[in-house]
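Asker: Read in order, the letters of the sequence shown are residues 1 to 179 in UniProt numbering.
Bear in mind the hints are in silico, worked out from the structure with no lab data behind them. Computed from a predicted structure; not experimentally measured. Beta carbons: idealized from backbone N, C-alpha and C, even for Gly. The reader is advised that the hints may include incorrect statements.
Between beta-carbon pairs, the in silico distance windows are [said to hold, decoys possible]:
1) 64 / 37: 39 to 45 angstroms
2) 157 / 113: 26 to 32 angstroms
3) 98 / 43: 28 to 34 angstroms
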Amino acid sequence: MNTANASAPATDPAVRDYIGADAWSLTGVITRLRRVLRSSVRQEFPWESLPMAQVEVLQRLADEPGMGVSDLADRQRLATNTVSSLVQQMVTSGLVERTPRPGDRRAVILNLTQNGTEILAAWQAANDRRLRQALERLPEAYRNVIENAVPALAALAALLEAEDQTRNRDQARQSGTRP
């Protein structure tokens, strides 16, 4: 990595040139889209009732029920103590339940409660509605491009995620710790 540009402001043209205009544009657009979508969904689904970190945990547990705190932390790319605190808040709020792992009562597994499932469904419906409304106002050609790009973006995310997991396992092996 070119360390001369490593500490440069993100808007510095040298940084954009270094990482590549396409990568820079993609990162910027994805960040902006996530931010504006979250902001507009708040109009229908108040932010205070479900912070984005909790939405992401609910989504993960809906997709992969029964995982433990450390697995959840690994999947979310967060520190275990951060996820543990987040899960405690969600247990207190009645969104997530912790139950002893069969065969190892010291460990727990996490699942959505009925309330957590309903709140996630309401949030997803608000998010889907907002995105659908915006997409309907775009020209058909843009909608088609976006629709066709989704599989490629999903593949890119999966590739980066797999590389990250491999790197974490390799680092853990080198240091003698658990990945």
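Asker: Against this structure, judge whether each hint is valid.
Answerer: Cross-check of the supplied hints:
no., hint, result
1, 64 / 37: 39 to 45 angstroms, "23 angstroms, violated"
2, 157 / 113: 26 to 32 angstroms, "28 angstroms, holds"
3, 98 / 43: 28 to 34 angstroms, "33 angstroms, holds"
Going through the hint list in order, the structure does not satisfy hint 1, though it satisfies all others.
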